[in-house]
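**Q** Residue strings, one per chain:
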Amino acid sequence: MAILTAKTIRPPSDDKRWRVVDATMRRHGYKPSALIEALHAVQQAFGYLDEPSLCYVAGSLGVPLSRVYGVATFYHYFSMKPQGEHTCVVCTGTACYIKNSPALLRAIEADLGVAPGETTADGKLSLLTARCLGTCGLAPAAVLDGQVVGRLRTVELVGRLRDLIGTEQEAVTL
Amino acid sequence: MTPDELIELAAAQRTRLNGFAHQINVCMATACHSSGSEEIKDRLTAQVKSRGIQKHCLIRSVGCPGLCTAGPMVGIEPEGRLYQNVSPDDAGDLLDSLESTPVERIQAQTGDPFFARQQRIVLEHAGEIDPEQIDEYIAVGGYQALAKALYAMTPAEVVDEITKSGLRGRGGAGFPTGLKWRTVAKGGGDRKFVICNGDEGDPGAFMDRSVLESDPHRVLEGMAVAAYAVGAQEGYLYVRAEYPLAIRRLTTALRQARQRNLLGVNVLETPFSFQVEIRVGAGAFVCGEETALIASIEGGRGQPRPRPPYPAESGLWGCPTLINNVETLANIVPIIRNGGDWFAGIGTEKSKGTKVFALSGQVKNTGLIEVPMGITLREIVFEIGGGVPDGRAFKAVQTGGPSGGCIPDGLLDSPVDYESLTRLGSIMGSGGMIVMDETSSMVEVARYFMEFSMTESCGKCIPCRVGTVEMHALLTRFAEKRAKTADLDLLELLCDLTKSTSLCGLGQAAPNPVLSTLRYFRDEYLAAMVADESPDGDVTREGRPSPAVIPLTVVAARSSDGGEEGGRS
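For the record, the sequence lines run as chains L and D. Per my numbering, the first sequence runs over residues -13 to 160. Per my numbering, the second sequence runs over residues 35 to 603.
Same shape as in the complex, but just chain D:
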């Protein structure tokens, strides 16, 4: 296929789709699917057939429109109607309403902040196209960024465009993507690799799953552009085994892209060749760390190794390797299409573009949202999320999963960008955002995350292997309200030790949930203590400076030390 043929195919597809007066899009992502969207689709299909309107009414399976809490969701184009909590029995009403007013009973309020406050770049096609049909992706301009890169840009120009965009890694640590690409591009040797990190292990994060399920070709195209830019011929997509639907859709997408000559040998009739294979993870959180992920692709235990050398210099089988997260790669296509300056115009000075968050927990609207960087946490939780349900009080929002922290009400007006969240003692993370209300005990939450890190520690370095176990034991004492003064001192000491001496991001970040809850909810720890057996029985911590009063600049300086590329790529 040549670029001209690609454009022709896109036009033909659009003509075909526009031939239908109505397109009914049924969400088939995991959440809606498990709420019964397949039966809705079957019922709609059967009724369209029995009414004999299949010539001007198309029923499609699409990806996630975002509001998982109100699934199953059904959209109707070109009217732009969106329905929520649809049941199979609504099929008749939906079809009856096509030529008249919408079915108000189940209509989603698309003017609500949940939809109106979002800015969709990564998720622009989610809920709009059938992820299992490459031609639908091509119809919305798919693979034209790849054609543009291959025909109109040199690899160096592609890298420059990404650098100019200011895009930073969406896996959590926020390393500048352009810089990473440049390093790999400069690397020697005739064999290089591009790896897509889809090992989304943070509990409470499902952005990458949704992108892979809703728009798999977007990620494949991003990988191909990356491969062209850095000079790689081979790529791996590492996806966790817990995402069977994403794996199935990616497998389909790969097959279709190869058939269309958009991947494989001589892509789009150029000398560029790029082979991609899928590797299925096997349930190890630490494999989100780039060197551990490489060890896993090589067939070994997923244990990290010291960096440098960074994978960009010596990665998979010792070759220069570019590892980018799913969401990072999903941002490549719009940057190539619209230019780096366009992307750099969105977001804040240091954090460009948008970020996808998985909003869940004790919040009215749970689901997937994409917002511009710089939006405040309060806007996300209370406007988009609709606040805490059942009249309970908000307590904290947790970002960054087991590597992040809990942010209290008083700091909700902070903007969402890499630096601000780090200053608050949390991290951007991959995008999990969990709202907690007054019923959640912060000590229990800290213990929950420590239990996670303890179980997931790979055991290679001692600070993490032993530190997480000891911290968990101490937190258990607090949770059972039998902690003593010495326990608190020891806990703080261990946090510091594990943070500064662990080998990889897992151990270095494992104390974050404890440190942030100690900083903002110290009284809960103090309330969980019993009197020491010492004669004076002094258990109050008065007179001791609480970390909450340490100037934020000091904390920021401390936590940014060497943490530049310490997260999950």
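Pulled out of the complex, with its shape left as it was, chain L reads as follows:
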């Protein structure tokens, strides 16, 4: 086990954010069981997981790349695609569903041309869904750039998203 603690692999780039990732892996003694924690650190630092980062984590923890890829794709929280400048996570939990969150998603798609899991062409907004944010008292709810907003109506949410991604963008006419 002692060999595994010696770090011999270099980060994919000189980016300083790798230090945070390194610190996380070091804190866990480069043990293979730190895989999920390491992937969390990468995603937090860079916003998503790409191939070089998966290779780096695999090498550092001595875990086969196939297993790293398996874990990264198994969990919904990890994203293999870069996210947009802003994110909107619409809750699709039961309470929100009963209070018509599907209509929110349809309105966003119709108005801004972005479906769940997608990012707008200009990279301004990513639309995501979540399985219950645990704020059922505020249903239907969403998270805009980390801020929970509740009791949403479609007009209001679409308006807020338009404000968020800038008024200079021409409104998509239907």
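To be clear, the hints were calculated from the coordinates, so they are not data collected in a lab. Only true hints are included.
Some, not all, of what chain D presents toward chain L, calculated at C-beta under 10 angstroms:
hint, residue
1, Thr64
2, Ala65
3, Pro237
4, Phe240
5, Asp242
6, Tyr277
7, Gly334
8, Arg335
9, Ile468
10, Glu478
Beta carbons: idealized from backbone N, C-alpha and C, even for Gly.
Since the structure of chain L is already known, use the hints to place chain D on it.
**A** Only chain D this time, still in chain L's reference frame:
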């Protein structure tokens, strides 16, 4: 710190708090926070300062008082006043009213059934203390149950007390907690683990989030007592990544508990040591299943494995492991404090204590409630919940999330306990309770839950992986009103097959929403069918016994087969 020092600290804290003539408690849990409670707190703090009354008026951030629908909520102690829908502009009025009558305009009716019908044990401190200050928890008697266990009880006596209390797992399946503890305590080897399952994945359930956000030390203390009882030195708190505030508060709580020597090496100057680490989930519902959760802590894909061996014998890294749900662990402290007999005096014969429910959907009062076991569903929905708003008619209440079922109006007088809910074709579940009115289509609801189970199926066993996809496709046909007679037969067959042959609780329970809606709302399925192309065109299901008429005992016997520990620990 010794137990005597702990008592001294508690007394000193109480003296400090009592030095303030008024304590203004602002709810900072997720729901109120997103409704702007931080600005209210800032405004109150600024005004208290400008009025120069900071010496006798304390502004605190507290956890959830429960009525999320009317947030932000502000409480004032010791007067016991509670305000709802508070806006930052109310700050002045609130402070003006301190020495006189309450501000009626925003006063919450604490005499209403929503508050009066509750019995708070797990949530006793929620909304009363600042979850980020360990000393406030100590002031209300915190960590004294741990001191009592360490100094006045043997590990076996602790296990006996829990067994006597009749506490059952609050994650859904209701396995007797004392029995689980005893098995782990008996396990060999010098390494054992205690895991707190905070992977609250059921959509519509937010009890554990609220407990972790409002009273994190209560859960840590419960874990420490459990570790002492079963002989574990290491623990993990597995929390879902979707709960950033809970993770932040737990991290703070852990740090403070270590500083105070209430966790770590030689806790309270005894030989007992207990190290706790937080593990953040990554968005997989199946990780609520105990063996999947263990796989996830080990750094792998969260896939369950066959049991036995149960984690109590061979769990994390092959060691005996105790896995308990957040709410289960939050019940430990009061049991140790007041004794198992006290706890056993609450609730019904087989279901003891209280249960926290997250009441939401089409109901007037949404929020978090804690009620004694045995209360009826009708009391919860119509008295505490205030019924369905806007004059619409009640249709069903859903418990147990994707593993549970929908219960119709006619059965609302059933008591809430593990056995009754199972007999009705639902489950206690972790505590999500969603009210649906006449506008909800039960076929759509069944399809919604099946879509959830289909997406969340880990793919390891075939019945679940393929069964959920096929059932979803069939339900889609019903939802689009193009189902045929054969589709209904196939759907029922698949429900039975997936239920009886899946590897873990996810697959075994995935058909429940379909089965319960078929049982109580079969006409909606029949109305969604088109005529068969066969010459006789017979689409009616007359002459066929509906599951609704199968005697309840038969259903109960069927659904309790081997399902003893089949749920989410």
